[in-house]
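**Q** The chain contents come next:
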Amino acid sequence: MTQKTIAGVNLEVSDEGYLADSSQWTEEIAKEIAKEEGIELTDKHFEVINFIRSNADSGLTIRKVGKSGIVDIKGFYELFPGGPLKISTKVAGVSKPSSCI
Amino acid sequence: MSEKKDTQVKKVAIICAKGTIEDVYAALVMANGAVMEGMEAKLFFTFFGLDAITKKQMNKLHTATVGNPAMRMPGGLPFPSLLGVIPGVEAGVSAMMRSQMDKLDIPPVDEFLDMITAGGGEIYACKLAVDMFKLKKENLSNHVIDIITIGDFYSMAGGEGSQIIFT
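Read top to bottom, the protein sequences are chains A and B.
Taken in order, the first sequence gives residues 1 to 101; the numbers are from the numbering used here.
Taken in order, the second sequence gives residues 1 to 167; the numbers are from the numbering used here.
If you are wondering where the hints come from, they were derived from the structure by calculation, not from laboratory data.
It is possible that some hints are incorrect.
What the hints assert, rightly or not - Straight-line alpha carbon distances no greater than 30 angstroms define the calculated BS3-like cross-link-like pairs of lysine-lysine that follow:
| # | chain 1 | residue 1 | chain 2 | residue 2 |
| --- | --- | --- | --- | --- |
| 1 | A | K74 | B | K11 |
| 2 | B | K127 | A | K64 |
| 3 | A | K96 | A | K86 |
| 4 | B | K10 | A | K67 |
| 5 | A | K35 | B | K5 |
| 6 | B | K4 | B | K60 |
| 7 | B | K127 | A | K74 |
| 8 | A | K64 | B | K136 |
| 9 | A | K74 | B | K10 |
| 10 | A | K67 | A | K31 |
| 11 | B | K127 | B | K18 |
| 12 | B | K103 | A | K86 |
| 13 | A | K67 | B | K60 |
| 14 | B | K55 | A | K74 |
| 15 | A | K86 | B | K4 |
| 16 | B | K103 | A | K67 |
| 17 | B | K5 | A | K67 |
| 18 | B | K10 | A | K31 |
| 19 | A | K64 | B | K103 |
| 20 | A | K86 | B | K137 |
| 21 | B | K56 | A | K67 |
| 22 | B | K4 | A | K96 |
| 23 | A | K4 | B | K55 |
| 24 | B | K55 | A | K96 |
| 25 | A | K35 | B | K10 |
| 26 | A | K74 | B | K137 |
| 27 | B | K11 | A | K35 |
| 28 | B | K18 | B | K103 |
| 29 | B | K56 | A | K86 |
| 30 | B | K55 | B | K136 |
| 31 | B | K10 | A | K64 |
| 32 | B | K11 | A | K96 |
| 33 | A | K96 | B | K18 |
Next comes chain A alone, as it looks inside the complex (with noise of 0.2 angstroms):
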């Protein structure tokens, strides 16, 4: 764990920069995680993020995301380019998820 700012807040993150604790997430930090990882927020992006949101406790896989009837796998891919479950979750301030699917 190591401590770092973002979007003006002090936060703990991991190493690998997922949130330690998913309550101080904010939408100025989603913006600010997502352009270090060189993606503009859209309300598309912002739809399956408040998805991720809501299920991160149920064990969220590619193919969930994908039946969530906000945006199908290709489309998935294109929001989150270079491993949409593992940027998203980043962005949408939850654990990294421990899914091979």
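For chain A, the structure is supplied; the task is to place chain B on it using the hints.
**A** Just chain B now, kept in the frame of chain A:
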């Protein structure tokens, strides 16, 4: 003193030559895992592995109940080989395995291929095996980009940080 330098894996070329549930899923999980991590993935199906991309067979793969020492009864007791030869046992065991996988959110083969190709993964069929099993392009799943030779596959498997995996 030499400094240790790790080259990250950037691309995987996976060859699947067997058609049992476990062999096919090993290949699918590795390919999907690669695209999930932002890597390039190419899958080459050959010999009995072709079942995984043959429309008629792909969602009905079996596991071997005979000659499979890792096979156990529910509860962990050894699975008698003689039981495995009884008609319907292999189908029943395979169906059970598929339903167990469904509970873990592991998709059926066709949906798994959807996921891999949605992430940019590419699926190929081996020309030699397709000819041998007298299959045609229309017998194969729509996920298959092309029927190619192993030489063609090698030619797209190169580059820094690329690995060839055989299951």
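**Q** If a hint holds in the structure, say so; if it does not, say that too.
**A** Right, here's what the structure says about each hint:
1. A:K74 / B:K11: Within the cut-off at roughly 19 angstroms; holds.
2. B:K127 / A:K64: Roughly 35 angstroms separates the two Cα atoms, so the pair is violated.
3. A:K96 / A:K86: Status holds; Cα separation ~6 angstroms.
4. B:K10 / A:K67: Holds - the C-alpha atoms of K67 (chain A) and K10 (chain B) are around 28 angstroms apart, at most 30 angstroms.
5. A:K35 / B:K5: Holds, because 29 angstroms separates the two Cα atoms, which is no more than 30 angstroms.
6. B:K4 / B:K60: Roughly 46 angstroms between the alpha carbons, so the hint for K4 (chain B) and K60 (chain B) is violated.
7. B:K127 / A:K74: Holds. K127 (chain B) to K74 (chain A) sits at ~29 angstroms (cutoff 30 angstroms).
8. A:K64 / B:K136: violated (34 angstroms)
9. A:K74 / B:K10: holds (20 angstroms)
10. A:K67 / A:K31: Holds. K67 (chain A) to K31 (chain A) sits at ~25 angstroms (cutoff 30 angstroms).
11. B:K127 / B:K18: At roughly 16 angstroms apart (the allowed maximum being 30 angstroms), K18 (chain B) and K127 (chain B) satisfy the hint.
12. B:K103 / A:K86: holds (22 angstroms)
13. A:K67 / B:K60: Holds, because 23 angstroms separates the two Cα atoms, which is no more than 30 angstroms.
14. B:K55 / A:K74: holds (22 angstroms)
15. A:K86 / B:K4: Judged against 30 angstroms, a Cα distance of about 27 angstroms means the pair holds.
16. B:K103 / A:K67: With a Cα-Cα distance of about 15 angstroms, the restraint between K103 (chain B) and K67 (chain A) holds, given a limit of 30 angstroms.
17. B:K5 / A:K67: violated (40 angstroms)
18. B:K10 / A:K31: Distance ~27 angstroms between K10 (chain B) and K31 (chain A) Cα, so the pair holds.
19. A:K64 / B:K103: holds (13 angstroms)
20. A:K86 / B:K137: With a Cα-Cα distance of about 36 angstroms, the restraint between K86 (chain A) and K137 (chain B) is violated, given a limit of 30 angstroms.
21. B:K56 / A:K67: holds (25 angstroms)
22. B:K4 / A:K96: holds (28 angstroms)
23. A:K4 / B:K55: violated (51 angstroms)
24. B:K55 / A:K96: With Cα atoms ~36 angstroms apart, K55 (chain B) and K96 (chain A) exceed 30 angstroms; violated.
25. A:K35 / B:K10: Answer holds: K35 (chain A) to K10 (chain B) is near 23 angstroms, not above 30 angstroms.
26. A:K74 / B:K137: holds (24 angstroms)
27. B:K11 / A:K35: holds (26 angstroms)
28. B:K18 / B:K103: holds (24 angstroms)
29. B:K56 / A:K86: Violated. K56 (chain B) to K86 (chain A) sits at ~35 angstroms, over the 30 angstroms cutoff.
30. B:K55 / B:K136: Cα-Cα ~11 angstroms, so holds.
31. B:K10 / A:K64: holds (26 angstroms)
32. B:K11 / A:K96: holds (23 angstroms)
33. A:K96 / B:K18: Status violated; Cα separation ~33 angstroms.
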